[in-house]
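**Q** Fit chain S to the given chain X structure using the hints.
Each chain is listed here by its residues.
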Amino acid sequence: MPDAIHQLALGFVHLATPSNALALAVGLVVGMLVAVLPGLTLVMGVVLALPFTYGMSVTPSIVLLTAMYLSGTYGGAFTSILFRIPGEPLDVPLLWDGYPMARQGQPARALGWTLIAALAGGLLTAVSAVALAVPFARFALRFDSPEYFAIIAFGLSGVVSLGGGSLPRALVSLCIGLMLATVGVDETYGADRFTFGVPMLKDGIEYLTVMVGAYGLGEVLTRLEQGFVTPQMDARAKVSTRLPRWSEIRELKGTFARSSLVGILCGIVPGAGATVGSFVAYGVESQYGKRASKMGTGIPEGIVAPQLASTATVGGHMVPLLALGIPGSGATAVILGAFLLHGVQPGPQIFQTGADMVYTIFASMFVAVFGMCLLGYFAIRPLIAVLRLPEAATSAFVALFCFVGAYSARNSVTDLWMIVAFGILGYLFERFRFPIAPMVLGCILGPVAENSFMTSMIAYSNDWTVFFTRPISGVVMLLTFAALAWPLWRGLRQALRDREARADAAIPEANP
Amino acid sequence: MTRLRAAVPYAAVLAVALYLYHATDAFAAMGREGQLSPAFWPRAVLGLLMLVCAWEIARAAWFPRDARAGPVAAARVEEAPGEPPRQPLRLAAGIALTAAYVPAMEALGFFIATAIFLAAFMVIGRYRRPFVVAIASIGGSLAFVFVFMKVVYVSLPLGMGPFRAFSASLLAALGIH
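Those sequence lines, one after another, are chains X and S.
When we follow the working numbering, the leftmost residue of the first sequence carries the number 1, and every step to the right adds one.
When we follow the working numbering, the leftmost residue of the second sequence carries the number 1001, and every step to the right adds one.
Hints listed in this document are in silico derivations from the structure and should not be mistaken for laboratory results.
Note that the structure is a prediction, hence the values are computed from the model and not measured.
Stretches of chain S that chain X covers, calculated by requiring three or more beta carbons in the stretch to come under 8 Å of a beta carbon on chain X: (1) 1007–1016; (2) 1032–1038; (3) 1041–1048; (4) 1053–1061; (5) 1084–1093; (6) 1109–1123; (7) 1154–1167.
Backbone N, C-alpha and C define an ideal beta-carbon position, used for all residues, glycine too.
Pulled out of the complex, with its shape left as it was, chain X reads as follows (with noise of 0.2 Å):
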């Protein structure tokens, strides 16, 4: 511990390089602007970013990447509050609560205990990425083939299992992105694979234009079918901020611990990410909580649980990430993407070859919570007025920024077709409620997937069981399948539960 304070304060020092400290000043107040705009999503103002980072050094793209992550679980806490427009799926549970406060005529309360939430979860983030990052890679140095591909396997399943909404659809998502993967020269044999005598696809699908393709012009696609519907924001709103005193704070203790918890396991388990966070801290603080009955009327517990436990999520998701290179959402699928662009592969060994990378990384974690907390303290009225752009415009251009930075990853037209074709991909996803999420990180992951399980098959002579013999993998195995299983054991014993209902339903109808 005293070695990792140690490179985090010179992880502070290099922070202060006018390119570092420039990208995270950048990050910050582009994160939360895409917070909150309503058409677009954190994870595509990422993806949006990305091309910019092209010419950058690694530090500070990957700085200002982690800076939008962070500010962008903030950002949409105002317009969810103030106007009812959540920016975000993850700000839905703020204004359950953040609404009704404000419509009792204190919005600048509301917009107080938010920013104490951020603040107290985006310091727990950084706090827990720098505590647990360390032990995460050693532990990881252990690793064989066979635990790396249990690792993906997991984080695979969790990112199934674990992303809301319908088991079926997720691994349908998840398989063709593995598919995709695929396409190109084997990495083991040589063969080519799908490319059905089309030069450009040997070179494989580059997982970027699928990233860019499915989250940005599918959304805009979706958008524009719903003609640009925003619900308008109530110009009499007052935009000021009053934090709590102390005492005040002092009484939602037990708030704080809990959705702190819910939010760093959250952040680990991949596939729970701030979304998934939130909703779980405001279901938690609604049974567990003091004033569980009042939630929903507009009381600080029902702002502070969403909001801490979203933004406390960043730093979890940070630690599998760097140690492992396995990315557990959407957002930080991205940032390895642009680790993998600028050459750098995540894992235990970063932790000796780029120490300084990574501790610069978590420094910026620190100052970012301060900078997002003073931006929306100081600069909220301004950011908020991007809200008056016509959403035709803003749409417009983000169509722009997904073809433009498709076409700079490699100067290829091709990369633009292949924009389109994932673009409405994106949107044939969206209209059926499939999740983009497991497609996307199928995608990059895959590779790394086949790569371990053909070489552990060639290492250990086609031997199957050895995944589940090896006690880490073996461990991990078992934890993938019981992920697979929850959902499976949660709808069942809903349905039970239905028809229980339905039944008790039915006797006072047979019975007059």
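**A** Relative to the frame of chain X, chain S by itself:
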């Protein structure tokens, strides 16, 4: 009818998966003796995909749909705002425009194609203030040319014939060489 409609996406994915499974025959024999072939991994993924699709088609055909929301979101479904009505013609125009933008960029060059794309997209998106549309599309296009070619050093398409000459003179005017 609703059940059949629910099965359509899975049927489409199943059909593509079956075709791709058949296509793995082309490289299935390329593996070394005693080792898994390069078709093993894609076949395993396609197998899982087909299994899930078949299950969902069967479920849609024989069991009532029980679309459930996410784990916690379900509790708040009743509060979700209703979706606005869909406008398929607008969507079709948007898709056609994005598809046309790619060849247009190669033929007309980035600046002209982008200005037209931005203006047309805003109009399709129901934004009808011609002066703002013109300023935003031309100004936005110029800004993209400047940022990406001068700052980020991306070589954007210049177009063909007279459009190429126009792009070259525009770049010269912006001080981009």
